[in-house]
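Participant: If you want the building blocks of each chain, they are given just below.
Protein chains: 2
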Amino acid sequence: MGSPAHKRPSGSGGGGGLPTSTSQNGGGARGGRGVLPRGRQMQKTFNNIKITILCGFVTILVLRGTIGVGYLGSSSADAVNQNIIEETNRILAEIRSDSDPTDLEGPQETEMSTNETYALGPKITDWDSQRKVWLDKNPEFPSTVNGKARILLLTGSPPKPCDNPIGDHYLLKSVKNKIDYCRLHGIEIVYNMAHLDKELAGYWAKLPMIRRLMLSHPEVEWIWWMDSDAWFTDILFQIPLVRYEKHNLVIHGYPDLLFDQKSWIALNTGSFLLRNCQWSMDLLDAWAPMGPKGPIRDEAGKVLTAYLKGRPAFEADDQSALIYLLLSQKDTWMEKVFVENQYYLHGFWEGLVDKYEEMMEKYHPGLGDERWPFVTHFVGCKPCGSYADYAVERCLKSMERAFNFADNQVLKLYGFGHRGLLSPKIKRIRNETVTPLEFVDKFDIRRTTQVETKPQN
Amino acid sequence: MGSPAHKRPSGSGGGGGLPTSTSQNGGGARGGRGVLPRGRQMQKTFNNIKITILCGFVTILVLRGTIGVGYLGSSSADAVNQNIIEETNRILAEIRSDSDPTDLEGPQETEMSTNETYALGPKITDWDSQRKVWLDKNPEFPSTVNGKARILLLTGSPPKPCDNPIGDHYLLKSVKNKIDYCRLHGIEIVYNMAHLDKELAGYWAKLPMIRRLMLSHPEVEWIWWMDSDAWFTDILFQIPLVRYEKHNLVIHGYPDLLFDQKSWIALNTGSFLLRNCQWSMDLLDAWAPMGPKGPIRDEAGKVLTAYLKGRPAFEADDQSALIYLLLSQKDTWMEKVFVENQYYLHGFWEGLVDKYEEMMEKYHPGLGDERWPFVTHFVGCKPCGSYADYAVERCLKSMERAFNFADNQVLKLYGFGHRGLLSPKIKRIRNETVTPLEFVDKFDIRRTTQVETKPQN
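Chains as they are written, first to last, in my numbering: chain A, 1 to 457; chain B, 1 to 457.
Think of the hints as simulated: they come from the structure by calculation, not from any bench.
Ideal placement from N, C-alpha and C gives every residue a C-beta, glycine not left out.
Hints are supplied without guarantee of correctness; some may be wrong.
[Unchecked claim] Example chain A residues on the side facing chain B (calculated, C-beta under 10 Å, incomplete):
| # | residue |
| --- | --- |
| 1 | MET112 |
| 2 | ASN115 |
| 3 | GLN130 |
| 4 | ILE426 |
[What the hints assert, rightly or not] When the alpha-carbon atoms are kept at most 20 Å apart in a straight line, the in silico SDA-like pairs for lysine to any residue are as follows:
| # | chain 1 | residue 1 | chain 2 | residue 2 |
| --- | --- | --- | --- | --- |
| 5 | B | LYS382 | B | TYR203 |
| 6 | A | LYS425 | B | PRO158 |
| 7 | B | LYS137 | B | ARG150 |
| 8 | A | LYS137 | B | THR435 |
| 9 | B | LYS309 | B | SER263 |
| 10 | B | LYS148 | A | PRO139 |
| 11 | A | LYS148 | A | GLU245 |
| 12 | B | LYS123 | A | GLN41 |
| 13 | A | LYS148 | B | VAL145 |
| 14 | A | LYS44 | B | CYS277 |
| 15 | A | LYS137 | B | ARG446 |
| 16 | A | LYS132 | A | GLY301 |
When you get a sec, could you build the whole thing from the sequences and use the hints?
Facilitator: In structure tokens:
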């Protein structure tokens with residue numbers, strides 16, 4: 001769609017040309033230019049010039065529209081990049097259009113009605129004894145290793161690329177952060193990118209996956225769910241499992257917010273541990289029914305908003321549903337629930353991220369609490385989605401800082417550290433040596449793990 | 001920058017208006033319209049209509065240019081998304097501009113000249129004995145666990161977001177794939193996102209990191225480097241370490257391509273194992289000198305292109321440099337190098353990805369070779385960068401297929417599988433049961449690991 005920049009208006013009347021002739025025959029015939037009075041000729045010339053300028057202007061606009069918004073001089077690399085992104089998105093949409101001919105089972109389209117009761121699976125009532133029998137038969141898969149109960153960390157993200165592309169980059173950094181912590185503490189990771197149950201998608205997707213992992217990994221004592229936006233920031237700190245010998249659910253929260261205020265943020269399901277046992281299977285079964293998307297989840301949301309303090313109006317989420325369950329059936333569940341706040345099993349990011357430098361100056365890893373938070377959780381930042389509760393800049397900067405704050409603790413063994421908490425670049429923090437093992441003895445955290453905390457009330 | 005759609009041309013001659021009057025006074029004065037001959041009046045009217053249409057056209061173009069290329073009806077969600085992406089990129093560039101005031105050490109700007117010799121670090125000559133002493137002193141960190149030598153898998157990606165945003169999504173899926181394999185085989189992962197040495201960036205970055213890990217993890221017997229675009233596609237297969245008792249470097253390749261043809265693709269450094277020992281330290285020291293970016297790497301590239309068959313002209317890469325080293329110093333190194341091609345320690349993707357369905361029909365996991373490739377390596381696809389050697393669509397589709405082909409093998413334990421090799425959605429492949437442990441016994445691959453292959457020549 002272009003027009004030549006400086007086309008002389010022709011005498012023809014068809015199409016786009018503008019007549020220059022003032023002959024009585026308004027179009028059609030190509031009339032020669034007669035001799036015109038001087039003034040009129042000047043005016044005609046003036047008109048022609050204006051038309052020419054206007055046509056030139058039109059041409060420029062057309063070009064601008066074609067090559068994109070921005071300076072006419074925008075680099076060809078940007079244009080190429082934009083093309084790549086658009087092309088990629090088109091291809092991905094095509095790939096994932098689920099029109100694969102080998103797809104033998106069509107998707108279930110109907111949502112559950114409020115008459116139906118959802119179940120995670122067939123009711124199991126003897127999981128403790130099944131598991132015990134299996135463990136006895138399989139001594140090569142013990143539930144404790146080197147005196148520590150076996151923990152499996154479950155995390156994940158949706159199978160599709162993030163709405164905001166930067167989201168995938170932060171998911172990548174988040175999983176690296178988890179890989180580092182778990183390597184140093186002998187914890188296995190399952191990164192889930194599948195929806196095991198169409199009914200329970202989104203934040204509810206963890207429930208069927210936790211159940212599935214419990215039943216498939218009898219050797220695992222604890223399943224630790226962790227959100228993808230929760231980052232380890234104390235690489236040394238270990239979960240003090242000895243505190244929880246009599247408990248089956250360990251979750252960060254505040255008893256007064258829970259029991260007195262019935263606040264919807266009294267507990268945080270972004271990071272919690274669930275013991276692999278019958279009690280937990282029962283809890284999951286009791287927890288799940290508010291989850292199925294559609295009318296059930298919507299109606300449940302209204303119940304939760306009415307019941308819980310401060311809760312906005314939206315569909316039922318797993319956290320509110322758990323709080324509601326624990327409050328409304330307190331006697332059934334609370335004896336085995338440990339509401340933990342002596343360290344940051346979940347640490348809300350806003351009050352923490354600006355203090356990292358102060359922490360590095362005054363304290364040291366291993367404390368796990370407000371002095372050196374175990375987990376920094378970026379609630380509300382949603383880098384993967386489009387609509388965050390906080391400013392994008394603040395969130396991204398803060399996540400960079402948390403990542404580097406943690407990465408410094410990992411890199412210390414290798415003799416490196418980030419140049420600053422916002423910098424991806426690293427620098428040496430000690431000279432190389434021909435006897436590197438002295439630093440391994442000094443800095444390898446697996447050799448300097450903290451003493452188990454005594455059980456407390 | 002807009003113009004009203006249907007502005008009537010005014011009589012003024014300044015700025016944008018076009019005169020309608022044919023009075024001798026071409027501009028300036030607002031002349032009333034005199035009585036004109038009918039023909040001329042029609043022509044004037046015709047001219048005015050044309051001008052009006054043209055102005056309207058201009059207006060539409062301006063609006064189009066302002067709201068972006070594409071249909072005028074493009075959704076506001078797309079516009080919002082585009083804004084988010086641009087804003088995010090701006091913020092990230094600001095965050096990473098390295099102007100952090102806590103950055104105490106400025107970057108070293110100068111490149112090494114060809115006179116200087118690069119060294120990975122101070123020369124260590126007694127690593128075998130240092131390591132042995134340490135292992136003897138630290139029996140709680142043995143180099144073999146349950147009869148298997150301890151392996152650490154090293155992989156990674158640059159610290160910045162990919163040029164092509166979809167690249168980060170595939171890096172995420174790639175690391176999930178590695179997490180799954182390594183969990184099932186008791187292999188630790190280090191995901192490196194830092195450049196330990198500015199001189200050795202890009203594909204060379206693995207060398208300083210391998211060295212650093214060897215020296216920091218004396219308990220690790222093998223460091224296994226794996227590219228981020230190499231994916232596990234046989235979840236059952238195990239590296240037959242018993243074949244390599246007398247070797248220190250295990251790398252996929254073909255002896256005839258190496259020794260007879262001196263081909264630049266005779267070996268593949270996308271997936272190889274290096275034993276943690278003095279020999280390997282020496283190899284790294286001999287390998288690294290072609291790596292420093294700038295004149296050294298450029299000049300080395302010319303040497304490699306001249307020496308190796310089929311090599312295009314570009315700066316020195318680690319793979320070509322290794323081949324050159326092993327050929328030119330054959331007697332020094334080759335005795336301890338195992339050129340492996342009995343299974344796909346590296347499997348070039350193009351010949352494999354279209355056969356996954358056939359494989360699923362005819363064969364089974366655990367073979368590791370062309371019947372069921374151990375590793376599928378997407379050489380040349382470069383989803384993270386802008387300039388791939390293969391069509392984007394083919395690469396993305398193929399990577400999806402490889403990911404799902406592998407994921408099916410992992411999900412089998414949990415009773416699920418992908419609906420098709422292109423689908424992110426999963427479906428049940430067996431019914432749920434109240435006795436899930438029978439399936440654990442049957443499907444948990446850690447309980448069905450393959451028999452160690454006998455050593456072969």
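Participant: Now tell me, hint by hint, if it's right for this structure.
Facilitator: Hints, verified against the model:
1. Of the supplied interface hints, the one on MET112/A is violated, with its beta-carbon coming no nearer than about 17 Å to a beta-carbon of chain B, more than 10 Å.
2. The criterion of a C-beta within 10 Å of any C-beta in chain B is not met by ASN115/A, whose closest approach is roughly 22 Å, and the hint is violated.
3. Annotation: interface hint on GLN130/A holds; nearest CB of chain B at approximately 6 Å, less than 10 Å.
4. Satisfaction of the interface hint for ILE426/A is found here, the shortest Cβ-Cβ separation to chain B being roughly 5 Å, below the 10 Å cut-off.
5. In summary, the hint linking LYS382/B to TYR203/B is supported, as the alpha carbons are separated by about 13 Å, within the 20 Å threshold.
6. The straight-line distance between the Cα atoms of LYS425/A and PRO158/B is roughly 10 Å, inside the 20 Å bound, and the hint therefore holds.
7. Using a Cα cut-off of 20 Å, the hinted pair LYS137/B and ARG150/B holds, with the two alpha carbons roughly 17 Å apart.
8. Using a Cα cut-off of 20 Å, the hinted pair LYS137/A and THR435/B holds, with the two alpha carbons roughly 15 Å apart.
9. Proposed proximity of LYS309/B and SER263/B is supported: the alpha carbons are some 4 Å apart, at most 20 Å.
10. Annotation: proposed proximity of LYS148/B to PRO139/A holds, straight-line Cα distance about 18 Å (limit 20 Å).
11. The hinted pair formed by LYS148/A and GLU245/A meets the criterion: a straight-line CA distance of about 12 Å does not exceed 20 Å.
12. In summary, the hint linking LYS123/B to GLN41/A is not supported, as the alpha carbons are separated by about 90 Å, beyond the 20 Å threshold.
13. Among the hinted pairs, LYS148/A with VAL145/B is consistent with the structure: their alpha-carbon atoms are about 17 Å apart, no more than 20 Å.
14. In summary, the hint linking LYS44/A to CYS277/B is not supported, as the alpha carbons are separated by about 90 Å, beyond the 20 Å threshold.
15. With a CA separation close to 15 Å, the supplied pair LYS137/A and ARG446/B stays within the 20 Å bound.
16. Only pairs whose Cα atoms come within 20 Å are accepted, and LYS132/A paired with GLY301/A is rejected, the gap being roughly 38 Å.
Of the numbered hints listed earlier, those contradicted by the structure are 1, 2, 12, 14, 16.
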